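The residues making up each chain are set out below.
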Amino acid sequence: MASEWIGIIAFICLFGLIAIRIPIAIAMGMVGMIGGIIINGYSSVAFIMGSVPFESIFPYSLSVIPLFILMGVFSARAGLSRALYDAVHAFIGHYKGGLAMATIGACAAFGAICGSSLATAATMCRVAMPEMRRRGYDDGLASATVAAGGTLGVLIPPSIIMVIYAILTEQSIGRMFAASLIPGLLATVLYMLAIKIRTTRNPELGPADKRVNWHGRLVTMLNVWPVILLFGVVIGGIYAGWFSPTEAASIGAIGAFSLALLKGKLNYKLFLGCLSETANTTGMIFLILIGTSIFNYFIETTGLPQTIVNYVGGLGWNSYLILVLLVVFYIILGCFMDALSMILLTLPFVFPLIMSLGIDPIWFGVIMVSVVEVGLITPPVGMNLFVIMACTPGLRLQTISRGVISFLLADITRLALLILFPALSLWLPAILMD
Amino acid sequence: MFNFFNSKLFYITKYVAWLGMLFLLAAMVITTTDIILRKINGEGIYGTIDLVQLMILSAAYLSIPHAFICRSHVAVSVFADMLSIRILAICNLLAAILGCVFMAAIAWHGFEQASMQHRYGDISITLGIPLILYWIPLLFGAAISALVTINIAIGNIYTIITGKGALSLEEE
Chain B
1 MASEWIGIIA FICLFGLIAI RIPIAIAMGM VGMIGGIIIN GYSSVAFIMG
51 SVPFESIFPY SLSVIPLFIL MGVFSARAGL SRALYDAVHA FIGHYKGGLA
101 MATIGACAAF GAICGSSLAT AATMCRVAMP EMRRRGYDDG LASATVAAGG
151 TLGVLIPPSI IMVIYAILTE QSIGRMFAAS LIPGLLATVL YMLAIKIRTT
201 RNPELGPADK RVNWHGRLVT MLNVWPVILL FGVVIGGIYA GWFSPTEAAS
251 IGAIGAFSLA LLKGKLNYKL FLGCLSETAN TTGMIFLILI GTSIFNYFIE
301 TTGLPQTIVN YVGGLGWNSY LILVLLVVFY IILGCFMDAL SMILLTLPFV
351 FPLIMSLGID PIWFGVIMVS VVEVGLITPP VGMNLFVIMA CTPGLRLQTI
401 SRGVISFLLA DITRLALLIL FPALSLWLPA ILMD
Chain U
435 MFNFFNSKLF YITKYVAWLG MLFLLAAMVI TTTDIILRKI NGEGIYGTID
485 LVQLMILSAA YLSIPHAFIC RSHVAVSVFA DMLSIRILAI CNLLAAILGC
535 VFMAAIAWHG FEQASMQHRY GDISITLGIP LILYWIPLLF GAAISALVTI
585 NIAIGNIYTI ITGKGALSLE EE
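Going down the list, the protein sequences come from chains B and U. Counting from 1, one number per residue, gives the positions in the first sequence under my numbering. Counting from 435, one number per residue, gives the positions in the second sequence under my numbering.
Among the hints, erroneous ones may be present.
[To be verified] Lysine-lysine pairs mimicking DSSO-like chemistry, simulated, CA-CA at most 30 angstroms apart:
1. K265(B) with K448(U)
2. K269(B) with K442(U)
3. K263(B) with K442(U)
4. K269(B) with K448(U)
[Said to hold, decoys possible] Restraint ranges, calculated between C-beta atoms of paired labels, are given here:
5. K473(U) with T307(B): 43 to 53 angstroms
6. I594(U) with G16(B): 19 to 29 angstroms
7. L262(B) with I595(U): 49 to 59 angstroms
8. A423(B) with I470(U): 31 to 41 angstroms
9. I570(U) with I197(B): 50 to 60 angstroms
10. I570(U) with C335(B): 39 to 49 angstroms
11. Y42(B) with G476(U): 33 to 43 angstroms
12. Q306(B) with K598(U): 45 to 55 angstroms
13. Y42(B) with Y592(U): 46 to 56 angstroms
14. A240(B) with L456(U): 51 to 61 angstroms
15. L567(U) with I197(B): 35 to 45 angstroms
16. I446(U) with L270(B): 36 to 46 angstroms
What the hints contain is simulated information worked out from the structure, not anything from laboratory work. Predicted model, so just to flag it, every value in this text is computed and none were measured. Think of the CB as a built atom: it goes at the ideal place given N, C-alpha and C, for glycine as much as any other residue.
Start from the sequences and build out the full structure, keeping to the hints where you can.
Okay, structure coming up:
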């Protein structure tokens, strides 16, 4: 049997295992191991199993991942989300749907210090959902707003998924962060617009709140300086050339820890809770990296990625058409898989294809992260939906699923804009880093 | 008996994960101190990269068992709600067995590789730290993870036989 066919069968087996709830890291690792034995024999796999789990975690560049996770966890505990929410609410809360728009704004700002979508969604849910429910907001709109807002944590730098993409494709992390800033802001504006349209058509979904005077606005703004400072130091430090991304993540983690401590939010028990939370996420991400590395070794030996590149190249299709097809593929895949697994699973095939088509890898990275982020709010396995449901008593999947439709439309609009106008992603890195 | 073993394993993985996180905090402190020293006198901590690599590798591998016991490893639950408790337990048993084989393979073959590097006297580039020190957390984390998956497998066998939910692996 041709090795490419073994690769295809391996993929079918992999999806079969994933469908019956085998953890993705284990499924990838085991399929890679067994496939490797079939193609190269046991001794080759024994060597790979002995060396790859070490080599896949050893690179210094990977240290940025747990450090950004730590920064996000401490930021979430520092109580910064409440201050952000109050500040944005003071400015736009008096509009119809203002509280929901404030939630989106606060999510975007929180995403600037927390690189995780789930952490952003969970943190903001605790702050925004009770408030929106109290003011009579429709449950579907309120919950979907927090779920969609959570995805901004992935897109607005620093983003853990962006870091992983950059490391795996050997791109500059700083360049990836710069490229995702405008798309992140665009996503924020489009989400707010989606809320505005919905609440204009049906004002009962999100009643207007009282207007806050300028004194009140200034007071709330004074409380958000730690967020601005942390973001400025971490991201500004990278572009000013003060530190590397790993160093910036270290500074950020220490800064977030200090803020949590200064605000009196961190006692011994909560500190241990932060460590456990960081350990869980770190263990999960690194095991996926190990499983992916083993799977990729096997897939490369099958020659399947090159066969796909040659096949697609032979079709002679326009690169934009292929890009659009890939986006559609990721949107469908995103309904069933989580963002990180999707990126790691498909990158060995998709990235060589993208390079062969002459597509800018930074631009593609932004599109890829944007599209997998859509998967976080698409039922039935949109992870953010489950986070919001877990934080909100009595909320049903149908209610939140109905609410996310308008945000999905906003996401599709953004993806179309990102594909049509590459400058949205590439202009800022060119200005800052060239 | 199972309950006793269960709670002990939970405590072990929790403390191992915290130990891993202490390594992460150490990496954070070393990196930050290095930056500050470089800014102050133009010279940072010698061998920062070697140290940070050791700390991060330790943090990663010592966290993996805790992620197993807390069921934090990402799995897709599209059909989970439709399955009966026994069928679900069979799927979970398969996941635990595959997880055990995978982690045991990493520990076993990693041990061979570590022994070889130890015999050759391999060391890190800058500080000359013996590479076997990098291997210790890897082997320990992988072995504990394999043990945790055996425990998860036993819990699922219990569910398959009795039709009752497996004993909680979480702290009481």
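Now for the hints, and whether the structure bears them out:
Distance hint between K265(B) and K448(U) is fulfilled; the C-alpha atoms sit about 22 angstroms from each other, no more than 30 angstroms. Taking the CA atoms of K269(B) and K442(U), the gap is near 20 angstroms; set against the 30 angstroms cutoff, the hint holds. Pair hint K263(B) plus K442(U) does not hold up; C-alpha atoms about 35 angstroms apart against a cutoff of 30 angstroms. A hinted pair counts as satisfied when its Cα atoms are at most 30 angstroms apart, and K269(B) with K448(U) qualifies at roughly 14 angstroms.
Between K473(U) and T307(B), the C-beta spacing of about 51 angstroms keeps the proposed range 43 to 53 angstroms intact. Distance hint check for I594(U) and G16(B): the Cβ-Cβ separation is about 21 angstroms, which falls inside the suggested range of 19 to 29 angstroms. A beta carbon spacing of about 54 angstroms between L262(B) and I595(U) agrees with the range 49 to 59 angstroms that was offered as a hint. With their beta carbons about 38 angstroms apart, A423(B) and I470(U) fall inside the hinted range of 31 to 41 angstroms.
A hinted range of 50 to 60 angstroms for the beta carbons of I570(U) and I197(B) is consistent with their spacing of about 58 angstroms. Take I570(U) and C335(B): their Cβ atoms lie about 42 angstroms apart, and the range 39 to 49 angstroms holds. Range check, Y42(B) to G476(U): about 53 angstroms between beta-carbon atoms, so the 33 to 43 angstroms window is missed. Remark: the range hint 45 to 55 angstroms for Q306(B) to K598(U) is upheld by a beta-carbon distance near 51 angstroms.
At about 34 angstroms, the CB distance of Y42(B) to Y592(U) disagrees with the hint of 46 to 56 angstroms. At about 31 angstroms, the beta-carbon gap between A240(B) and L456(U) misses the expected band of 51 to 61 angstroms. Restraint check, L567(U) to I197(B): a C-beta distance of roughly 59 angstroms breaks the suggested window 35 to 45 angstroms. The given range of 36 to 46 angstroms is broken by I446(U) and L270(B), whose C-beta atoms sit roughly 23 angstroms from each other.
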